[in-house]
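*Asks:* We have chain A; now place chain B onto it with these hints.
Chain by chain, the residues run as shown.
2 protein chains.
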Amino acid sequence: MTLPTRPSVPGISGDRFRVHYRLAGTEAEARELADVIRVEQTVEIPADLVPDGDISDYLVGKVEAFEPIDEGHYAVTINYAIEVAGTELPQLLNILWGTGSFLNGFKVEGVDLPDSLLKYYRGPRFGPQGWREILKVYDRPLLCTAIKPMGLSAEQLADMAYKCALGGLDIIKDDHGITDLPFCSFEERVESCSEAVAKANRETGLNCLYVANVTGKVDRMVDRALFAKQAGAGALLINTAVVGFDMMRLLADDDRIALPIISHPAFAGHYVMNPDHAFSYYLYFGQLQRLAGADSSIFINYGGRFKVAREDTEGARDGCRVPMGPIKQAMPMAGGGITFPRIPELREIYDKEAIFLVGGGLHRHSDDLTENVREFLRLVS
Amino acid sequence: MTLPTRPSVPGISGDRFRVHYRLAGTEAEARELADVIRVEQTVEIPADLVPDGDISDYLVGKVEAFEPIDEGHYAVTINYAIEVAGTELPQLLNILWGTGSFLNGFKVEGVDLPDSLLKYYRGPRFGPQGWREILKVYDRPLLCTAIKPMGLSAEQLADMAYKCALGGLDIIKDDHGITDLPFCSFEERVESCSEAVAKANRETGLNCLYVANVTGKVDRMVDRALFAKQAGAGALLINTAVVGFDMMRLLADDDRIALPIISHPAFAGHYVMNPDHAFSYYLYFGQLQRLAGADSSIFINYGGRFKVAREDTEGARDGCRVPMGPIKQAMPMAGGGITFPRIPELREIYDKEAIFLVGGGLHRHSDDLTENVREFLRLVS
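Going line by line, the protein sequences match chains A and B.
Each number in our numbering comes from the position in the first sequence (counting from 1) with 2 added on.
Each number in our numbering comes from the position in the second sequence (counting from 1) with 2 added on.
No lab work stands behind these hints, which were simulated from the structure alone.
Treat the hints with care, as some may be off.
Any copy, or any two copies together, can satisfy a pair, since identical chains are not distinguished.
For lysine-lysine, the following DSS-like pairs were computed, each having C-alpha atoms within a straight-line distance of at most 27 angstroms [to be verified]:
#: 1; residue 1: K109; residue 2: K309
#: 2; residue 1: K109; residue 2: K231
#: 3; residue 1: K64; residue 2: K309
#: 4; residue 1: K109; residue 2: K64
#: 5; residue 1: K309; residue 2: K354
Next comes chain A alone, as it looks inside the complex (with noise of 0.2 angstroms):
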């Protein structure tokens, strides 16, 4: 033996976190799965060259729950110290999915984090009560929809700002593929836009808010975020799969910033899309999400252009909401394929504490952009 026996580890407090998973197999593969993915998410050698003593005994992940959910799956929870997570979110995220990710039949469905470890995180500095006070919109579900195409001047989609805003729309968004182009450039539309959104609200009485896509070289993203604050921009939009979960949380916990912040799920879908690999929607667009400090997590409908089931959204709506300690709740935001017939059965899957992020539906319904937003805005009243 070439390591170190039974070396001591000092500091070990005795709290554990929980993660839950979904593994697929027969009963005995499952086993041996659950049993790999404990020493595979932490010390990461081969099983029998674990030390004995500490590390053994604290540091390598425990089986505690190990259920049968249909033919083929087994729902099984596995506890950490929270040491092994450290107190940073790219080491968490690493426990969580790391190299295991290579594994088959191994999908990550949600955490239990003790309040020892949730102190390092502040998470959504606003959540939704947040939202309601800056659009001091309380009785319904909030509206959002996105400026585009890209190629469009900035006045081209200040002017469609304007419209959306006049028309009573609550958020209005850089679409997740306008950041910084050489055809518009990401200072000129965003001062454009929150002036045309500053200019509809006069006019409103309103609080409609522009949302920047500060999304870019990860270096760039606090002055973009500081510069659309200072233009009047009144939250920011993130590529989050693109730049990373910490990144975010980076621009979150920023207090000279200091604006909600919408996580966009552009680059994610090979996150979520396997049943039997990789995270839960409930996990993927809830949980982390928060953790991350997102005040709003936007993610895929059912019944639109992708293939995403019913229960999966209500996931993404549960994570955001489960009690979390003291992090606080990010709004569900539901994108793609909300149109105006299916605004009842949206009501009924997220009632009124959700966001419904409309795009083409908007324009089509006629062709006065004000008088659509107006129109969705009495269905969802």
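*Replies:* What follows is chain B alone, placed relative to chain A:
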């Protein structure tokens, strides 16, 4: 119509880049999917709403090749105006995968980027030749191991590093799960391990590199990299999928740091494991790592504890080596199940221009770690 008619888009150069896809389905389905992708990944509005003129003529992708691969799969090439990818890696990633990530049967295989787009990317600072010059080892594959498991003290990890360096190992890296932990701080570990490897180098006359894992909160990573450099670390390890490609790019571009960068595959399984979704090994572990500045890209070798096809690992190898204008190659680093008996087979696949990452195998051969390293070295030489 509520959108501007025939808007003009200034500054379109006419230069385009190609993206190669593998689409699943019948021919009709794959053709329809290609048509969806070229719109979804750019303007992202319903096809019937795309404005005529410059947006339709230039910004939407153009299908330029469509060939059958096998029953149910088609090789499709779509080209895009370089301007839609802007000048930043996150935007390029967004065009490659974006909201299309929620489509089924959609895998991105590779890219051809013209110099007019590549000029925004520095790529690897060192590349294979840089590794050779630093290590002064020219005639054989390079050997790397990881010090672990988590839970060992800085002193114990440093002792392990010392023994490996004494045996002549080229590169000794922190395990991907060893970051800044309550029971072993980043600073203490990096100082101890740097000193241990320097001591061994003085004894051997060799140039073994200690590689510090600087993964953590993104706003701490530059400081960690500078600390590691100051302490004597010879290279940096980054869990790229956890912190995002552009965070690696930031560290690679920083002239104050100027150390070789090794990209670790933890958290990346879902990027490459689905044959009909997300990315190929070639693109993910090759081309994209190079665009983001990795001097070496670790990937899972076939035949180990993870189910990986030989052709996938060959893809990673080729993606590290394929010409990409002025962008340097990356050293492919094959890990996972690298054992002494497999050396001849690995030599055949990778030739000498690769790094072999050996973990458990190095501890099993005998009770003398230094002697095990020497034996491994004899086998590859």
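*Asks:* Which of the numbered hints above does this structure break?
*Replies:* Failing hint: just 2.
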